Amino acid sequence: MTRTRVAGLFVAVLFCAFGAWAFASGSRAGALAAQRSAGRRADGLAAWEQVYGVLTHPRCINCHTATDYPQQGDERRRHFANVVRGPDGHGVPGLNCASCHQESNADSTGVPGGHNWHLAPLSMKWQDANDRPLSSAAVCRAVTDRSKNHNMDGPKLLKHHEEEALVLWAWQPGRRPDGTLRETPPITHAEFVNATRRWVEAGTPCPAR
Amino acid sequence: MAKYQLNVNGERREVSVDPSTPLLWVLREDLKMTGTKFGCGISACGACTVHVAGVATRSCVLPIALLGERPVVTIEAVAQDPVGRAVQDAWVEKDVVQCGYCQSGQIMSAVALLKHTPKPTDTNIDESMGGNVCRCATYVRIREAVRAAAQKLK
Amino acid sequence: MTNSKTKVEAPRPDRRSFLRATATAAGGLLVSLYLNNAATAQEGVKPEQIPPQPKKEYPPDAFVRVTPDNKVVIQVNRLEFGQGVQTALPLILADELDADWSQVVAELAPAADVYKDPLFGIQMVGGSGSIAHSYQQYRELGAKTRAMLVAAAAARWNVAPDKCRTASSVVHGPAGQSLKYGELAAAAARQPVPKTVRLKEPSEFKLIGKKVKRLDSRAKCDGSLKFGIDLDLPGMLVAVVARPPVWGAKVKRFDDRAARAVEGVREVFEIPVTRGGTGVAVVADKFWPAKRARDLLKIEWDDAGVERADSAKLFEQYRQLARRAGLSAAARGDAKAIERVAPADLLVAEYEFPYLPHAPMEPLNTTVRFDGDAAEVWAGSQFQTLDHAAVAEVLSLKPERVTFHTEMAGGGFGRRAVPDSHVQRESAAIAKRFKGTPVKLVWSREDDIRGGYYRPMHVHRVEIGVGRDGLPDAWRHVVVGQSILAGTPFAMMMKDGVDNSAVEGVNDTHYAVPNFNVSVHHPQVNVPVLWWRSVGHTHSAFVMETLIEELATRAKMDPIAYRRRLIRPEPEAKKLLSALDLMDEKSAGWRNRLPKGHAVGFACHESFGTGVACAAEVSIRNKRPLIHRVTVAVNCGLAVNPLTVESQFQAGVGFGLSQLMAGGAITLKDGVVEQRNFDTYVPPYMPDAPVAVDVHIVPSADAPTGCGEPPVPVISPAIVNALTKLTGKRYRTLPLVAV
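Chains as they are written, first to last, in our numbering: chain A, 1 to 209; chain B, 1001 to 1154; chain C, 2001 to 2739.
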């Protein structure tokens, strides 16, 4: 079902973007368009791999677990002190995410923070139950599945990556308790947005497997 | 140093401290309210738990600069409301404490639990209290006291 | 420092001088310990082994004060840190005094000769001896005080004292007269202290043996109780110390410019720290600036010639050592019998135990004010006599010029009973620079976790020859572990080089094995070690009780029946056997109807004169033991306060689980501790603890024995015995990283 929906989305985007031109140009032009779209898809997939590299970075994936707990640290260990997911990803009364994580980083005590700090829903898990990151294809399917992603289409995904506070936090992750700076994802936020844009413009293609 | 206006246990308090100072140390050393305890300093034991705008908060990792206008309630005043009173009484009734050093934090967590979940299951209790260390390990009696307080509040 | 011939590493060069200093410092005050109680000033000595003591007289006025408003204020002669002695000792005294319990106030006594433990000869808490040693003392104090009040009333009414009776802090006369204790206090103080006094018959007890709630409960629940770390004195400063990454290393040079720039910082200077090392003290007006400034220090350390201990290497060396006999700790029967056992009848088991930190919830701290010719100290101390002497020595004062207040402590588990008083020494060295100003030294949690004074790591190697009846016929047991006593003022308690605290629970086992041989190696390692609640029993009970259950399984016998058969039928085993019987009875109901996926494990062990048996119901969740229920039976003689006994056992088994936690170990790599705080050394949290613990006390009129430590040894083996039933695996390496 997921695959069908994604394919449908891909076709629709392709049609909107290139439909009129393709109709006017006849069959030769159609072949060219197909070639171009294949190139675009390849570029989109390459862009996706850059996006995937960010999503599976500890700053992002630590809160996209498949379990009832978040992770922490570059080694993605289980969050200390028995922190649990809770009914809505914000922990439980007495032990909420907000019990420690404020609206911004607390650099003097080494606790990261951002607006509405919480765990992504299980539908947005990017790891398996043994804390191993899912494959690029699987994460892509999850991210583009509107039944799972708060009904976000390509442009909304792009906006999410551009503006969402917890996404932005990954590039301003603050200091560890020992005063050193936390690692940031492998590319800059601008590069991430750019990659997302290319991927979205290519119709959010996903690797086959 | 910077000046901060705080609302602690319903009272306006002013302190002049470095912005990096955790709320815990403002309470303990500037306001001389030592019921809130220093256990680990990294939010891993819960001994420093207070309520910030109703949320059970580890005061050892909350820099005063990030507190803002939010009101703070500490162990010293938690019994001013019925849930806090019931929890504190249940703790005494069940003879929970041993060394007692963690119990301020335990009680603050339990109050937060019962305010949101008046009829907690054993799983609720384990999860909500799961971040509070009691090195004496009085956990059996803590569970009993939480259940007893819930019962009393029915 | 030990007489053992085995050495893993050469001793550090400066250790000798440190020890000499310690001996000088504590020598004067330790005279009574040496002369009177050489055999007893060691954790783990059973009360029945304690030789009869010369009868001491204790002045009641040092222990009990009746105020005009009828309050009875009772001095507790030892530290309260959770074990309940601040309630138990007053209730013993109040019972004989016939005091109104609601009017009793307990206070922790300062350091003074009169408050020394009657048997140990120093003021201390340890060896689960508080009630065992002070039961008689506090009863007599109560009875004598009562007699003086009665004498005062009788004199006033001009009647015979034996015509008066007392109840609830009131003396009643034969003609219906009555006077409150408060009204008689002044007159009673002028009465002579009776030489002898009649003590109550057990049937007359009103408090002893009843479930009495703690006196400190409310204050510990409303934030009003002041622990040592809560002390706030006018003008007080706060100090933290940057200590070397390896014990014994010294400051080569340090740059404190950034540290001194932190607002509130008063002074930054070098001080001596434990094991001949030095550190940098930062003193500020409050904790946070002191801590921030410490983080900004740039220190270069000189660790030339300092041994760098390494857990992995040590275990390898310990395993090698365990393959040959050490110093003899027990020898019965034929030592060669084990060598004649056929391979099919031989069970060989090797166990590994890591270093363990105590990590009491209240971080270590001490406040000292040095006034030039006098000083005042505030400390949650398990060893007042030694810590008092240490401060006096550092400040070059006579001990009588140093007032030492005992502060309520947030846990300890042995960590506040430190023979070298290193926390108090640091504290005094810092305060010496601030004449007239109190300075509170605070250890952060990181300081505590990385600071040493751990339960020593151990290797046990056991070879057992199983007889035709399935019972062990030959048993050769080698223990390897640092001596806790060696190099301390308590070293004289060692006999022929053997530190009994490493082998207790093995060499004094109640299990009857005809050919039984125990020996021990005490390697020297540059890691300070200390007693950890229940000391040697933390590891010895684990070894003994997992092996006994394994032997029972091998013999296809019921594990309880197997134990009963193997325990020597002698009076000394009475407490253990009665506890085993009671546990059997009380757990039968549930353990024979276990849900699928659940198993029961057993353990029984005697320590500190108290017999304990437990049954634990366990399943596995997320690769961890989930403990559904624990039934504990205990014979501690007369249970002075059964409520405290119950609490101590309910929670003490939880504390005992510390050593099963996946993150429940201290490890060293190249000399440096790998753990930092509760994120990396992980103690048991609520989800790790048993869901329910039911405690059953064997009715007894015997002299009371301790309950602080005896809960700890039984739980780990019981859990692991259950896990083995579920997985078929043997667990001989702690902590339990994987089930």
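In short, the hints are calculated from the structure, not lab data.
Quick caveat, the model's predicted, so the values are computed rather than measured.
There may be inaccurate statements among the hints.
Said to hold, decoys possible - With a Cα cut of at most 30 Å, we get these calculated DSSO-like pairs of lysine-lysine:
| no. | chain 1 | residue 1 | chain 2 | residue 2 |
| --- | --- | --- | --- | --- |
| 1 | B | Lys-1003 | C | Lys-2669 |
| 2 | C | Lys-2435 | B | Lys-1032 |
| 3 | C | Lys-2213 | B | Lys-1115 |
| 4 | C | Lys-2286 | B | Lys-1003 |
| 5 | C | Lys-2252 | C | Lys-2291 |
| 6 | C | Lys-2213 | B | Lys-1119 |
| 7 | B | Lys-1152 | C | Lys-2211 |
| 8 | B | Lys-1003 | C | Lys-2226 |
| 9 | C | Lys-2495 | C | Lys-2556 |
| 10 | C | Lys-2286 | C | Lys-2435 |
| 11 | C | Lys-2291 | C | Lys-2071 |
| 12 | C | Lys-2206 | B | Lys-1154 |
| 13 | C | Lys-2210 | B | Lys-1152 |
| 14 | B | Lys-1119 | C | Lys-2596 |
| 15 | C | Lys-2586 | B | Lys-1032 |
| 16 | C | Lys-2435 | B | Lys-1152 |
| 17 | B | Lys-1154 | C | Lys-2213 |
| 18 | C | Lys-2226 | B | Lys-1032 |
| 19 | C | Lys-2298 | C | Lys-2623 |
| 20 | B | Lys-1032 | C | Lys-2211 |
| 21 | C | Lys-2556 | C | Lys-2623 |
To be verified - Computed spacing ranges between beta-carbons, pair by pair:
| no. | chain 1 | residue 1 | chain 2 | residue 2 | range |
| --- | --- | --- | --- | --- | --- |
| 22 | A | Gly-73 | C | Pro-2514 | 31 to 37 Å |
| 23 | A | Asp-68 | C | Leu-2594 | 36 to 42 Å |
| 24 | A | Arg-77 | B | Lys-1119 | 58 to 64 Å |
| 25 | B | Pro-1071 | C | Leu-2594 | 49 to 55 Å |
| 26 | B | Lys-1119 | A | Gly-179 | 54 to 60 Å |
| 27 | A | Asp-68 | C | Lys-2226 | 55 to 61 Å |
What the hints assert, rightly or not - Not the full set, but computed from the structure, chain C residues with beta-carbon under 7 Å of chain A:
| no. | residue |
| --- | --- |
| 28 | Asp-2679 |
| 29 | Tyr-2685 |
| 30 | Pro-2687 |
C-beta atoms are modelled at their ideal positions from N, C-alpha and C, and glycine is treated no differently.
The hints, checked one at a time:
1. At roughly 45 Å between alpha-carbon atoms, Lys-1003 (chain B) and Lys-2669 (chain C) are farther apart than 30 Å, so this suggested pair is violated.
2. Of the supplied pair hints, the one linking Lys-2435 (chain C) and Lys-1032 (chain B) holds, its CA atoms being roughly 24 Å apart against a limit of 30 Å.
3. Pair hint Lys-2213 (chain C) plus Lys-1115 (chain B) holds up; C-alpha atoms about 28 Å apart against a cutoff of 30 Å.
4. For the hint pairing Lys-2286 (chain C) with Lys-1003 (chain B), the CA-to-CA distance comes to about 17 Å; that is within 30 Å, so the pair holds.
5. Straight-line distance between C-alpha atoms of Lys-2252 (chain C) and Lys-2291 (chain C) comes to about 21 Å, which keeps the hinted pair within the 30 Å bound.
6. Only pairs whose Cα atoms come within 30 Å are accepted, and Lys-2213 (chain C) paired with Lys-1119 (chain B) is accepted, the gap being roughly 27 Å.
7. This hinted pair checks out: Lys-1152 (chain B) and Lys-2211 (chain C) have alpha carbons roughly 23 Å apart, not beyond 30 Å.
8. For the proposed pair Lys-1003 (chain B) and Lys-2226 (chain C), the alpha carbon gap of about 28 Å is at most 30 Å, so the pair holds.
9. Between Lys-2495 (chain C) and Lys-2556 (chain C) the CA atoms are separated by roughly 40 Å; this puts the pair beyond 30 Å, and the hint is violated.
10. A threshold of 30 Å between alpha carbons decides the hint, and for Lys-2286 (chain C) with Lys-2435 (chain C) the separation of about 18 Å falls inside it, so the pair holds.
11. Distance check on the hinted pair: Lys-2291 (chain C) and Lys-2071 (chain C) sit about 43 Å apart at the alpha-carbon level, beyond 30 Å; violated.
12. Restraint check for Lys-2206 (chain C) and Lys-1154 (chain B): not satisfied, since their Cα atoms lie roughly 36 Å apart, outside the 30 Å limit.
13. This hinted pair checks out: Lys-2210 (chain C) and Lys-1152 (chain B) have alpha carbons roughly 26 Å apart, not beyond 30 Å.
14. About 29 Å separates the Cα atoms of Lys-1119 (chain B) and Lys-2596 (chain C), which keeps this hinted pair within 30 Å; it holds.
15. Between Lys-2586 (chain C) and Lys-1032 (chain B) the alpha-carbon distance is near 49 Å, which puts this suggested pair outside the 30 Å criterion.
16. The suggested pairing of Lys-2435 (chain C) with Lys-1152 (chain B) is violated, with an alpha-carbon distance near 54 Å, which exceeds 30 Å.
17. Note on Lys-1154 (chain B) and Lys-2213 (chain C): the hinted pairing holds, with a Cα-Cα distance of about 26 Å set against a maximum of 30 Å.
18. The hinted pair formed by Lys-2226 (chain C) and Lys-1032 (chain B) meets the criterion: a straight-line CA distance of about 11 Å does not exceed 30 Å.
19. Among the hinted pairs, Lys-2298 (chain C) with Lys-2623 (chain C) is inconsistent with the structure: their alpha-carbon atoms are about 43 Å apart, more than 30 Å.
20. Between Lys-1032 (chain B) and Lys-2211 (chain C) the CA atoms are separated by roughly 36 Å; this puts the pair beyond 30 Å, and the hint is violated.
21. Between Lys-2556 (chain C) and Lys-2623 (chain C) the CA atoms are separated by roughly 28 Å; this keeps the pair inside 30 Å, and the hint holds.
22. In this structure the supplied range 31 to 37 Å is violated for Gly-73 (chain A) paired with Pro-2514 (chain C), their Cβ-Cβ distance being about 55 Å.
23. Checked against the hint of 36 to 42 Å, the C-beta distance between Asp-68 (chain A) and Leu-2594 (chain C) comes to roughly 27 Å, which is inconsistent with it.
24. Take Arg-77 (chain A) and Lys-1119 (chain B): their Cβ atoms lie about 34 Å apart, and the range 58 to 64 Å is violated.
25. For the hinted restraint 49 to 55 Å between Pro-1071 (chain B) and Leu-2594 (chain C), the CB-CB distance of approximately 50 Å keeps it satisfied.
26. Roughly 44 Å separates the CB atoms of Lys-1119 (chain B) and Gly-179 (chain A), a value that falls outside the hinted 54 to 60 Å.
27. Distance hint check: the CB atoms of Asp-68 (chain A) and Lys-2226 (chain C) are about 39 Å apart, inconsistent with the given range 55 to 61 Å.
28. Evaluation of the Asp-2679 (chain C) hint against chain A yields a held restraint, the C-beta minimum of about 4 Å falling below 7 Å.
29. For Tyr-2685 (chain C), the suggested interface contact is upheld, since its CB lies about 5 Å from the closest CB of chain A, less than 7 Å.
30. Because the smallest distance between the Cβ of Pro-2687 (chain C) and any Cβ of chain A comes to about 6 Å, under 7 Å, the interface hint for this residue holds.
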